[in-house]
Amino acid sequence: MAEKVLMKGNEAVAEAAIMAGCRCFFGYPITPQNEIPEYMSRRMPEVGGVFLQAESEVAGSNMVYGAACAGARVMTTSSSPGISLMQEAISYMAGAELPCVVVNIVRGGPGLGGIQGAQSDYFQATKGGGHGDYHLLVLGPSTVQELVDLTMEAFDLADMYRNPVMILGDAILGQMMEPVEMRKRPPRADLPPKTWATTGAAGRPKNIITSLYLDPAKLEKHNLRLAEKYNRMAAEQVRYATHMTEDADVVLVAYGTTARIARAALDRARERGLRVGLFRPISLWPFPYEALAAAAAGAAHVLVVEMSLGQMVEDVRLALGETKPVHFYGRTGGMSPSPREILDEIVKIVERGA
Amino acid sequence: MQKVFGRPEALADVPTHYCPGCTHGIIHRLIAEVIDELGVRERTVGISPVGCAVLAYDYFNCDFVEASHGRAPAVATGIKRASPNSVVFTYQGDGDLASIGAGEIVHAASRGEKITVIFVNNAIYGMTGGQMAPTTLPGQKTTTSPRGRDPEVAGHPIRICELLSSLSGAAYIARVSVTSPANVAKARRAVKKAFETQLEGRGFSLVEFLSTCPTNWGMTPVEALKWVDDKMAVYYPLGEYTRVPEVG
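Respectively, the protein sequence lines represent chains A and B. Each position in the first sequence, counted from 1, maps to that position plus 2 in this note's numbering. Each position in the second sequence, counted from 1, maps to that position plus 1078 in this note's numbering.
So that you can see chain A by itself, here it is in the shape it has in the complex:
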């Protein structure tokens, strides 16, 4: 077992990418993720990789598109306003089926918003973001270790499905320091060779990478083929964690940083004899609808907690329908809910009854 090192989330995500074989990084400075490009600018030359500070997120994400075309393992990182600017390239990469990893260290919005942690980009990440019928694989880590592990795995998943993968973190996760074990993770052996890459038509017919299908019948066929892939991703990549949901009267649903705060609230509630459990989605797309329905089957109430005014709660309602009340508690603008606030909500729900 490797030794644990104390690392800041942002630096850990950068080193994790390098350990996963990422050799191209393009990015643009934006708080609260600047440690990532700074780390990459130092480390990439040491491993023979490419670091390039782009003139904008628009350009940087299109450099990612180019490097992915060349078959490279490539990543970009940003924070909410910058991720908005990348939506064009993300849509094109989904359409052209290019693998890449995009990390969003989310900050409060809308607009320029603020620089504190938030979860208000959930809709953008999981419901589209850019134009067209497409999905990203979206993973929401809640610790620095999980940020490292999921970032490493994200490169394999991107290559496996030929699809952009997004790591949805937040400013708190990016800025906090935690002990992590950096386990080197070579690419999976069973990944399909990148025979589609545009590396020069030497001894083979030319490769074309495009998302343009002027004939609507062909575009429909292309989109249906993408949909088959998304269905496969939805069947194979559902990830979640549960804690004490078996006997829970109230099941909390939270992801990322908020899940940690919810866990602290859960502990306090249990101390008071309240039967509270926690369901933590890890894959945000695909959302673990069925697993949540199963985990909350015995509960009378579900309380969704987010650092937003209620985005994931819509998926929770989709999962549970009218089977039980789905409550919501959120803070917004870069404020985070405290365990005390969540506990108060739990108490209110329990006291109010059905």
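Don't read these hints as lab results, they were simulated from the structure. Quick reminder that beta carbons are idealized off the backbone N, C-alpha and C, glycines included. One thing to keep in mind: the hints can contain errors.
What the hints assert, rightly or not - Computed spacing ranges between beta-carbons, pair by pair:
| hint | chain 1 | residue 1 | chain 2 | residue 2 | range |
| --- | --- | --- | --- | --- | --- |
| 1 | B | 1091 | A | 216 | 16 to 24 Å |
| 2 | A | 296 | B | 1162 | 47 to 55 Å |
| 3 | A | 195 | B | 1181 | 30 to 38 Å |
| 4 | B | 1162 | A | 83 | 26 to 34 Å |
| 5 | A | 233 | B | 1085 | 38 to 46 Å |
| 6 | B | 1222 | A | 112 | 27 to 35 Å |
| 7 | A | 320 | B | 1313 | 58 to 66 Å |
| 8 | A | 48 | B | 1079 | 57 to 65 Å |
| 9 | A | 190 | B | 1085 | 41 to 49 Å |
| 10 | A | 335 | B | 1297 | 56 to 64 Å |
| 11 | B | 1091 | A | 198 | 18 to 26 Å |
| 12 | A | 238 | B | 1219 | 51 to 59 Å |
| 13 | A | 217 | B | 1162 | 34 to 42 Å |
Unchecked claim - Cβ-to-Cβ under 8 Å is the rule here; a few derived chain A residues that face chain B:
| hint | residue |
| --- | --- |
| 14 | 26 |
| 15 | 52 |
| 16 | 64 |
| 17 | 67 |
| 18 | 69 |
| 19 | 72 |
| 20 | 94 |
| 21 | 201 |
| 22 | 203 |
| 23 | 204 |
| 24 | 211 |
| 25 | 213 |
Use these hints to put chain B onto chain A, whose structure you have.
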């Protein structure tokens, strides 16, 4: 019998969708000839723009990538940085390069990206039906400047070669036209120099072609060629704009 003239290997044997009298076909052929002559077809990756040349990937016989509108220099940067042995060129129109992609082209040139840009300037948006371009001449009528471009309202046309030649990373910049056999021969030499600049690792290279759009200009092909010579080449003088300074 000896074959003295044929289709370049780097040009695919397919009909193009270009309008009669448009010079995209000549420009495609010149690039393909140079790729063949330099023996780099199997290392070449082209990037097509959004605009009339969006389907250029069907017309060249080399690897090709379709970029989003204006972003070809950024896509080319990603390809070249990830795969430095590739010979990378973009093929962009005036709307793509000088309007929506103005940021990308300036920074690619400023970084001295070892890519070659073929900039086709016909002073109008062709594919979308003849709207005003950043390079539309003062007084020129388009569907969005129906009374003629008024610089007081719509600003002035951008001279890309002059603009980019001020940047240290721009190693070879030239403006050419294909309005006569002599000009075609000069244009071919410029394209070759641009690709050689890339192959020698000297920095960014760009060749601007003054091109025609008889369809949206409302001219015959012959009138269009004359308009390039008489009007466009006055505002956009032909010639080489910069060379990498000699070392030492």
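If you check each hint against the structure, which ones fail?
none
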